[in-house]
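J.: Working from the sequences, and respecting the hints, build out all of it.
Chains as they are written, first to last, in the UniProt record's numbering: chain A, 1 to 221; chain B, 1 to 221.
Heads up, none of these hints are tricks.
All copies of an identical chain are treated as equivalent in the list; a pair is satisfied when it fits inside any one copy or across any two copies.
Calculated cross-link-like contacts (lysine to aspartate or glutamate; reagent style DMTMM-like; alpha-carbon spacing at most 25 Å):
#	residue 1	residue 2
1	K41	E140
2	K27	E77
3	K25	D89
4	K53	D104
5	K125	D187
6	K25	E35
7	K7	E201
8	K80	E201
9	K54	D104
10	K41	E132
11	K176	D208
12	K180	E201
13	K101	E44
14	K176	D195
15	K47	E129
16	K47	E128
17	K54	E132
18	K54	E138
19	K27	D89
20	K53	E105
21	K47	D89
22	K101	E77
23	K53	E128
24	K182	D150
25	K47	E140
26	K118	E105
27	K27	E151
28	K27	E88
Everything labelled a hint here was simulated from the structure, so no lab data went into it.
The primary structure of each chain is shown beneath.
2 protein chains.
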Amino acid sequence: MGDQEVKLLGVWASPFSKRVEIALKMKGVSYEYAEEDLSNKSPELLKYNPVHKKVPVLLHSGRPICESLVILEYIDETWKSGPSIFPEDPCARARARFLAKFMDEKCYPDIWKIGGSKGEEEREKAIEEATEHLVTLENELRGKKFFGGDEIGLVDITANTIALWLVVVLEMVGIKFLLKDKFPVIDEWINNYLDNSIVRETLPVRQDLLAYCRSVFQCSN
Amino acid sequence: MGDQEVKLLGVWASPFSKRVEIALKMKGVSYEYAEEDLSNKSPELLKYNPVHKKVPVLLHSGRPICESLVILEYIDETWKSGPSIFPEDPCARARARFLAKFMDEKCYPDIWKIGGSKGEEEREKAIEEATEHLVTLENELRGKKFFGGDEIGLVDITANTIALWLVVVLEMVGIKFLLKDKFPVIDEWINNYLDNSIVRETLPVRQDLLAYCRSVFQCSN
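T.: Below, the structure is given as structure tokens:
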């Protein structure tokens, strides 16, 4: 299938859009990128994702694929030439899918709760909940460079939310050393992950994301 | 891999457990079944699904797989002999995964909202939201016998929630003809789906589920 027919509708500050960009680059797929304005969604976004009206949407030869985890499966199945995003063994694949889902259903909402928390008590509770999930990830990573083993895989890509978005939110609320102090394995993984050239060139600049998060949460920290 | 080493931790009234049972039977996999008491979870459940502590859990040669959609992927990848649960074409696979996710994230919570709604206004709102999602499914099914085409596939199996749980909840709240009146395509699909011998022998008896839902929602309808 021709790479020239690949288009991504995304948003620069969305960890979900960035997952798809990282996967396409890992596979060496050329693509056109269209930045969406979520306050004024494009007719293309509304046409191709009428159910959720959300980014990312991948268009391949005009056919839309929606939802970042679904798109990552599609990319791995469609472009076999690059490195595999999913492990070969069915049991390891299941574990990776489980953790990717866990990232979206548990970890990401908690990050947003920390950012949006009002007052000390609410913030403490949000951090406590997030901490419980971080323990799971810390144990999962122990003894490995990446969630995917020696190379970046599905869980690493979905964990964009931890590697940058959580870090920025923690900085915003004034506890930027939480990971370094309490989760040294995750902290080391973040360094390894951000050191990857594709990840580094794809994720937003930290200061830009920090400014964005401050504006979203109307926070003056 | 030996079929004799397959065990499922489930709950009879859970549409998620029933998905896994249907898939295992479709593939002709023999398995041991252990009914869980969610008010007194077994040490096995807590050991093998420490993150969510929920059913279903599939144990294969002692290795646990959690989350029903992840388990369905695992079953299809592991037992190749039976009919495929997922479509062959990557684009069709992506659509099936999208709809399965949609079923869990949008449709199922709405069914529970209808069941748990207090008063006329709250119920009307819940039904209105569910109706919007049912329109999506009605359009998806038009011209097809099953979501999977001529045969049952991933989306049909995940749509247990529609075929029985929604039907029972609608009966419980006194609007059992909603589907027949407004969603004839879904209504016909339900008949076709429940007519499948594996589905029929696997899903709970309707009256039992109705009694269960009434007790859960403490509803005297």
